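Starting from the known structure of chain A, fit chain B onto it as the hints suggest.
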Amino acid sequence: MLQRTMVSLVGLTAMLSLSAPAHAYIDPATGSIVLQAAIGAVAGATLFFRTSLYKVKALFSRQKPSGDE
Amino acid sequence: MSASAVLDPGSFRDPDGRVFRIGEKVFRSVTGSAARNFARAEEAGVMRKLVDRGQLVDFTDVTEQASKVGIEQADILLSHPQIPFISYPYEWSFSLHKAGALAHLDLHLELLSEDFTLVDATAYNMQFDGTRPVHIDHLSIRPYEDGEIWAAHRQFCMQFLNPLLMWSMLDLQPNHWFRGSLEGIAPEDLAKLVPLRKRLNWTVLTHVIAQATLQNRSVQSTTGSSRYREARLPRSSFEGMLRGLRGAIAKMEVPSHKTVWGEYANNTSYAAPEAAAKHDLVKEAVAAIKPGLLYDIGCNTGDYSKSALEAGAGKVIGFDFDHGALEIAFKRAQLEQLDLLPLWLDAANPSPSQGWGEAERMGLSKRAKPDALLALAFIHHIAIGRNVPLDMAVDWLVSLAPAGVIEFPHKEDPMVQLLLSQRPDIFPDYHNDTFANLLSQRAQIVKAVDVLPTRTLYWFQRN
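Chains as they are written, first to last, in our numbering: chain A, 60 to 128; chain B, 33 to 495.
Isolated chain A, as found in the complex:
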């Protein structure tokens, strides 16, 4: 968790600099779109890592994990 936070810290430092109040007429979701482009890859990689970890765990566990379809 700490490592992930540190990595994200470095990656996001550039975004966290100065900002000014909003007043222009613009697509209100621009911040969200840019953010998705930035963190989407991290989210996808995290998901891949978790899924892989789950599969490896499943290989070594005797019982089939329940609760998942």
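Think of the hints as simulated: they come from the structure by calculation, not from any bench. Be a bit skeptical, because a hint or two may be false.
Subject to a maximum C-alpha distance of 30 Å in a straight line, what follows is the list of computed BS3-like cross-link-like pairs (lysine-lysine) [to be verified]:
id, chain 1, residue 1, chain 2, residue 2
1, A, K114, B, K81
2, B, K81, B, K443
3, B, K363, A, K114
4, A, K116, B, K283
Quantities reported herein were computed from a predicted structural model and do not represent experimental measurements.
Structure of chain B alone, referenced to chain A:
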């Protein structure tokens, strides 16, 4: 359109879908691209599957009846069961809000696995059946296009994530803010409240701080967002974001609620000496009134809501000012499977009619017509705690429902004395006799029971 079909004043944002009410019946007209999207989801079996799982409100295709009911401009006409009580996110407790957020994400993940997606993330589309969340807008569902971005990400943050973060991270209840800002709490606003050390959390850093910064920057720049309009989000990233948020929200708790949850066991006991007599009268009155819908004003932890349900009330909406009590009521309703929805209410300032046309979101009194109410250990809080004249307090309660039980704590009661201990007694009219007189002018008193020397319960029935 026939004169009897009334457009729901909250249904106007999607030009291809409208909700109408004809008496007790709810219809949804679907046209254009929304009709095509609905047909595709219906053909894929997605809609029916979600209804069967309880994630989506039920629907029946009644297109052939369109001209009969007078809604002719519909490619598809659906009828829906009526939601007994529409609640709004600014009336939810933390646990309700969290349950709504998780249900929304689960629904989206489920849809994504079937190659569909949700076009919005408005919390107003999430309603509660008891404490079980259910999505009410079938037109939010449309086919997923590979690589599309999560268009409703900002809306999800404003209406689900940010209120929950205010609660769990800052121990602040977001209800007042949300009520004033119906679109939710903007990341740019919340970012200003987050202390430096709490910014190190991944969810906060990305969805709040970074989003706020990027949003503010984009507004500053003159080039605008055109170059991001072609932005692509791979499907695995989309799913990763949804799962990441789900994991973060599932872990959220409110620091000040932790002790409250431990008190659950103690609170379910009928400890107070007058409790047994109160439960008896509540059960007797409810068994006689047989209410389909009952309001429990000042429900506290839901003790008497439960008695009302046991005595035959169909459904109880509980209201309380104390979020700690609401958390216990929520947990009880879940564990004991009670048809009880405990909501936050400041009775001296109930939810108003507001939003577009002052009608988009309904005020409390316009929302439903309960058949009965309970107001136990409640009236002194507004009559003395909030200076509401006793006749006005009685007017309000009697106007809410045609029958019910009101408890009147006398001026000598320790709880009333506690309210008076810090202030002069400017309430000469606050007396049991005056209350009985005021109530009998407005309704018939079926039965009055002194459950303690200083407390009287009144069962009333309006004519």
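Here's how the hints hold up against the structure:
1. A:K114 - B:K81: Satisfied, since the Cα-Cα distance of roughly 28 Å is no more than 30 Å.
2. B:K81 - B:K443: violated, 57 Å
3. B:K363 - A:K114: Given pair B:K363, A:K114 is violated - Cα atoms ~34 Å apart, limit 30 Å.
4. A:K116 - B:K283: Distance of about 23 Å is within 30 Å: holds.
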